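Novice: Residues per chain are reported as follows:
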Amino acid sequence: DQQVKQNSPSLSVQEGRISILNCDYTNSMFDYFLWYKKYPAEGPTFLISISSIKDKNEDGRFTVFLNKSAKHLSLHIVPSQPGDSAVYFCAASDIYNQGGKLIFGQGTELSVKP
Amino acid sequence: SAVISQKPSRDICQRGTSLTIQCQVDSQVTMMFWYRQQPGQSLTLIATANQGSEATYESGFVIDKFPISRPNLTFSTLTVSNMSPEDSSIYLCSVEESNRGISGANVLTFGAGSRLTVL
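Chains A and V, in that order, are what the protein sequence lines are. Residue numbering for the first sequence follows my numbering, beginning at 1 and increasing consecutively. Residue numbering for the second sequence follows my numbering, beginning at 1 and increasing consecutively.
Just chain A, same shape as in the assembly (with noise of 0.2 angstroms):
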């Protein structure tokens, strides 16, 4: 059962145009939600992240928007630039599992061209 879902594989974006990553869930009971950021041969860097109780969170050029009632959320990349090429992974924690359990997705490879 996989409770967080990235339905694109893949995405590429020219250099300057906006990336939009989506992820969507089931689990009601999650109340974090967080980006990683992934390069090849590196673990997961945690991007930005978002409480269940709000909409939005912007930090410069990467804003997360949460819709609890479609149970979806998207990561917003303004502008996007070649360095932003990676693996991108939606996460999730439920009220009982805050211990460092998180709920992966299954990633969305973002490729930005020039």
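What the hints contain is simulated information worked out from the structure, not anything from laboratory work. Do not rely on the hints blindly, as some may be mistaken.
What the hints assert, rightly or not - Keeping only pairs whose Cα atoms sit at most 20 angstroms apart, straight-line, the calculated DMTMM-like set for lysine to aspartate or glutamate is:
hint, chain 1, residue 1, chain 2, residue 2
1, V, Lys7, A, Glu42
2, A, Lys37, V, Glu86
3, A, Lys101, V, Asp11
4, V, Lys7, V, Asp26
5, A, Lys56, V, Glu86
6, A, Lys54, A, Asp31
7, A, Lys37, A, Glu109
8, A, Lys71, A, Asp31
9, A, Lys56, A, Asp24
10, V, Lys65, V, Glu97
11, A, Lys54, A, Asp24
12, A, Lys101, V, Glu58
13, A, Lys71, A, Asp55
14, A, Lys56, A, Asp94
15, A, Lys68, A, Asp94
What the hints assert, rightly or not - From the structure, some residues in chain A lie toward chain V, with a derived Cβ separation under 7 angstroms:
hint, residue
16, Pro40
17, Glu42
18, Gly43
19, Pro44
20, Phe46
21, Gly100
22, Phe104
23, Gln106
24, Lys113
Keep in mind the model is a prediction, meaning the values are calculated, not measured. Each residue gets a CB set at the ideal place from its N, CA and C atoms; glycine is no exception.
Given the coordinates of chain A, assemble chain V onto it according to the supplied hints.
Specialist: Just chain V now, with coordinates in the frame of chain A:
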């Protein structure tokens, strides 16, 4: 944030053998977490390693297959026992860092991972 070193970074192993992965953190942490990423799949928590007590395993993972040691607050090992090709994965060590995200969201920092290929 914490710096996590893992060894080996990659290895090719024969079926039926065992391999131990080491994880070193540059600061003392109460809990360390071992994740697995099978090819094309999401990251999945294997177990939580607490210093001074038995590791806590997630559903689908057992101590006989993935024994874990936690001798001190900066070090842990994960052994993958009696390996089969299905164990070919990236194994990642992580620690929790309070409040790197928004208040209440504890963020995990990961090591670079150990990529195991089992022939």
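Novice: Confirm or reject each hint.
Specialist: Do the hints match the structure? See the list:
For the hint pairing Lys7 (chain V) with Glu42 (chain A), the CA-to-CA distance comes to about 13 angstroms; that is within 20 angstroms, so the pair holds. Our distance criterion of 20 angstroms between C-alpha atoms is broken by Lys37 (chain A) and Glu86 (chain V), whose separation comes to about 25 angstroms. For the hint pairing Lys101 (chain A) with Asp11 (chain V), the CA-to-CA distance comes to about 26 angstroms; that exceeds 20 angstroms, so the pair is violated. Under the criterion of a C-alpha separation no larger than 20 angstroms, the hint pairing Lys7 (chain V) with Asp26 (chain V) is consistent with the structure, at around 14 angstroms.
Note on Lys56 (chain A) and Glu86 (chain V): the hinted pairing is violated, with a Cα-Cα distance of about 40 angstroms set against a maximum of 20 angstroms. Distance check on the hinted pair: Lys54 (chain A) and Asp31 (chain A) sit about 10 angstroms apart at the alpha-carbon level, within 20 angstroms; holds. Restraint check: the Cα-Cα separation between Lys37 (chain A) and Glu109 (chain A) comes to about 10 angstroms, which is no more than 20 angstroms; the hinted pair holds. Restraint check: the Cα-Cα separation between Lys71 (chain A) and Asp31 (chain A) comes to about 11 angstroms, which is no more than 20 angstroms; the hinted pair holds.
Distance check on the hinted pair: Lys56 (chain A) and Asp24 (chain A) sit about 16 angstroms apart at the alpha-carbon level, within 20 angstroms; holds. Between the alpha carbons of Lys65 (chain V) and Glu97 (chain V) the distance comes to roughly 28 angstroms, so the proposed pair goes past 20 angstroms and is violated. Our distance criterion of 20 angstroms between C-alpha atoms is met by Lys54 (chain A) and Asp24 (chain A), whose separation comes to about 16 angstroms. Note on Lys101 (chain A) and Glu58 (chain V): the hinted pairing holds, with a Cα-Cα distance of about 10 angstroms set against a maximum of 20 angstroms.
With a C-alpha separation of about 11 angstroms, the suggested pairing of Lys71 (chain A) with Asp55 (chain A) holds against the 20 angstroms cut-off. The straight-line distance between the Cα atoms of Lys56 (chain A) and Asp94 (chain A) is roughly 19 angstroms, inside the 20 angstroms bound, and the hint therefore holds. Between Lys68 (chain A) and Asp94 (chain A), the direct Cα distance comes to roughly 14 angstroms. Compliance with the 20 angstroms bound is thereby established for this hinted pair. The closest approach between the C-beta of Pro40 (chain A) and any C-beta of chain V is roughly 10 angstroms, which is over the 7 angstroms cut-off, so the hint fails.
Taken as an interface hint, Glu42 (chain A) checks out: its beta carbon lies about 5 angstroms from the nearest beta carbon of chain V, inside 7 angstroms. At a threshold of 7 angstroms, the smallest CB-CB gap from Gly43 (chain A) to chain V is about 3 angstroms, leaving the interface hint in force. Contact between Pro44 (chain A) and chain V, as hinted, is supported at the beta carbon level, the nearest pair being about 5 angstroms apart and thus within 7 angstroms. Here the hint on Phe46 (chain A) is kept, as its CB sits about 5 angstroms from the closest CB of chain V, short of 7 angstroms.
For Gly100 (chain A), the shortest C-beta to C-beta distance to chain V is roughly 4 angstroms, which falls under 7 angstroms, so the interface hint holds. Contact between Phe104 (chain A) and chain V, as hinted, is supported at the beta carbon level, the nearest pair being about 4 angstroms apart and thus within 7 angstroms. Using the Cβ-Cβ criterion of 7 angstroms, the hint placing Gln106 (chain A) at the interface with chain V is satisfied: the shortest such distance is roughly 5 angstroms. Taken as an interface hint, Lys113 (chain A) does not check out: its beta carbon lies about 23 angstroms from the nearest beta carbon of chain V, beyond 7 angstroms.
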